[in-house]
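Q: Fit chain Z to the known structure of chain G by using the hints.
Keeping their order, the protein sequence lines are chains G and Z.
Each residue of the first sequence is one higher than the one before, counting from 1 in the numbering used here.
Each residue of the second sequence is one higher than the one before, counting from 82 in the numbering used here.
Worth flagging that the hints you see were computed from the coordinates, not collected in a lab.
Per the computed footprint, the stretches of chain G lying under chain Z, defined by three or more beta-carbons under 8 Å from a beta-carbon of chain Z, are: (1) 1-12; (2) 18-29; (3) 35-49.
Below 25 Å or equal to it, Euclidean Cα-Cα: the simulated SDA-like pairs (lysine to any residue) are: (4) K55/G with S554/Z; (5) K31/G with E560/Z; (6) K15/G with T3/G; (7) K400/Z with L45/G.
Model, not experiment: these values are computed from the prediction.
Glycine is no exception: its CB is placed at the ideal position from the N, C-alpha and C atoms.
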Amino acid sequence: MVTIHVCIGSACHLKGSYNVINGLQEIIKEKSLEEKVEVKAAFCLGECSKAVSVKVDDSPIYSVNKDNIKDFFNTQVVGRL
Amino acid sequence: MEKVRKFENDVQLIKYLVLKEVSKLALEGTLEEKVDTIPNVIDPGPEPRIRCCIYKEREITKGRIKLAMGGDKTSKNIIEVIDAACDECPINRFFITEACRGCLAHRCSENCPKDAIFHVAGRAYIDQNKCIECGRCKEACPYNAIADVMRPCKRACLADAISFNDAKKAVINSEKCIQCGACVIQCPFGAIMDKSYIVDVINLLKEAKDNDDVHVYAAIAPAIASQFTYARIEQVVCGIKALGFHDVIEVALGADMVSLHEAKEFAETIGEKGVVTTSCCPAFVSYIKKNYPMLEEKISNTVSPMVAISRLIKHVDPKAKVIFIGPCTAKKAEMMEEELRGDTDYVLTFEELAAMLDAAEIDLENCTVGELNNASYYGRIFARSGGVTEAVEHVVATKGIETDFRPVKCNGLKECDRALKMAKVNRLDGNFIEGMACPGGCIAGPASLHHGPKDKNEVDKYGQLAIEEDINSSLRIFELEDINLDRK
Chain G
1 MVTIHVCIGS ACHLKGSYNV INGLQEIIKE KSLEEKVEVK AAFCLGECSK
51 AVSVKVDDSP IYSVNKDNIK DFFNTQVVGR L
Chain Z
82 MEKVRKFEND VQLIKYLVLK EVSKLALEGT LEEKVDTIPN VIDPGPEPRI
132 RCCIYKEREI TKGRIKLAMG GDKTSKNIIE VIDAACDECP INRFFITEAC
182 RGCLAHRCSE NCPKDAIFHV AGRAYIDQNK CIECGRCKEA CPYNAIADVM
232 RPCKRACLAD AISFNDAKKA VINSEKCIQC GACVIQCPFG AIMDKSYIVD
282 VINLLKEAKD NDDVHVYAAI APAIASQFTY ARIEQVVCGI KALGFHDVIE
332 VALGADMVSL HEAKEFAETI GEKGVVTTSC CPAFVSYIKK NYPMLEEKIS
382 NTVSPMVAIS RLIKHVDPKA KVIFIGPCTA KKAEMMEEEL RGDTDYVLTF
432 EELAAMLDAA EIDLENCTVG ELNNASYYGR IFARSGGVTE AVEHVVATKG
482 IETDFRPVKC NGLKECDRAL KMAKVNRLDG NFIEGMACPG GCIAGPASLH
532 HGPKDKNEVD KYGQLAIEED INSSLRIFEL EDINLDRK
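This is chain G alone, in the form it adopts within the complex (with noise of 0.2 Å):
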């Protein structure tokens, strides 16, 4: 199981980071990977600047935003499975 950690303190909140939850819930859904990948929302990651901060397991953090969601999909978690 592939772990992605989404950030919901206040900081990446106010970047949309509910957005980023909902958007990556929906490629799972679309991908039928419910099995193998789940979202999970943390507080503070420690790296406010990178809001919408988001961590792949123990990886270290991205910053992920509405535009460039697929694209992480694509790169950091597709290549865990």
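A: Chain Z alone, transformed into the frame defined by chain G:
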């Protein structure tokens, strides 16, 4: 750096100074060794502030320091009297002042049902052994010469928990006290104070600094909207992070969770219960348990926003410790309730937060990056009277819940008592009692930095700033079925 803070009065100022000094030494790690130096810092002398001598003032300060460090560990009561500070105000409620003209009509004695007023040398006097404190003499006197000098603590205590001992000192009956803190703000001598967990919180933050397995979260009550008049909320949040907190979360998000759960619980149980009360205000809940035990089963089984947000934070981050920061003294008792133990780790007040920020010399003005945002408008307005009702109404309407929701908003303990009396005899005009012990709601809480008439508007304005429009939106990413929101 000494900042000029505006305090409502010197009682609040001195409490702040004591909390600040205790925090400062706790931060330095020298509290045990240097605690005895604090009275001289607070009361440098040589002249006393208001008491008979500087030594008495320092003795009183020692009492405040003890409470700032957790108070009487053997007592569960949060509110304590500082014996040395209690000025032994007159116990007799009515007395006749110099304004008495010794008139011919004697309306005072004519109206006294107990024949307790006598006249000597052109002045009226009250025989205190006969007086039953009905107040009719006071109402009758055309010169307004009769003063009602009921002790402010006793007058403030609607739970009737305050009495006086043989030494005329105020005594709190913990069987009756609901920890609302009304006496704390009303005592003009600052002789009643709430216990503080500020030292425990500072020690926990220190522990977390060196231990990555402990994440200390600050959960901020929505009443903050009207609190830090000298700084913006963003700056306060930034300051809290600088104290070493891992993250700062809105309790209003917990309030959103509560509204949703409360609305569902209401629809499911109202048929059987007939009437339901809110459970957000711990002083109100305690008041029901102590004064209307027959209505205890009517209290909503939904947890309070404080507990809801604590459980959510711990669900998301198992390493979390949660510190609730709000305007309330009763929350300090709520966190220790048996079925809620372990949810919220400590409760701090806004007063204590301000003292801690200043003790750590955190300059809020230069603090820029900070946000506080997660909850919806509805969660944020929980801080004022009427907010819970509006939020539950909103859920009932938007979720299409079919139920007969007839709220009775009780603003302050007096109104709560009236509604509970009616509910007891099945004559309440409504089926949902929103009870808040403090008149105005949490924004008027006893440990607020600021009690003002404009505060309600501040809360509404703050609510409107929420980017999540409603509860469905603010909660859309949480798997709420995994979080238990029942009290028991």
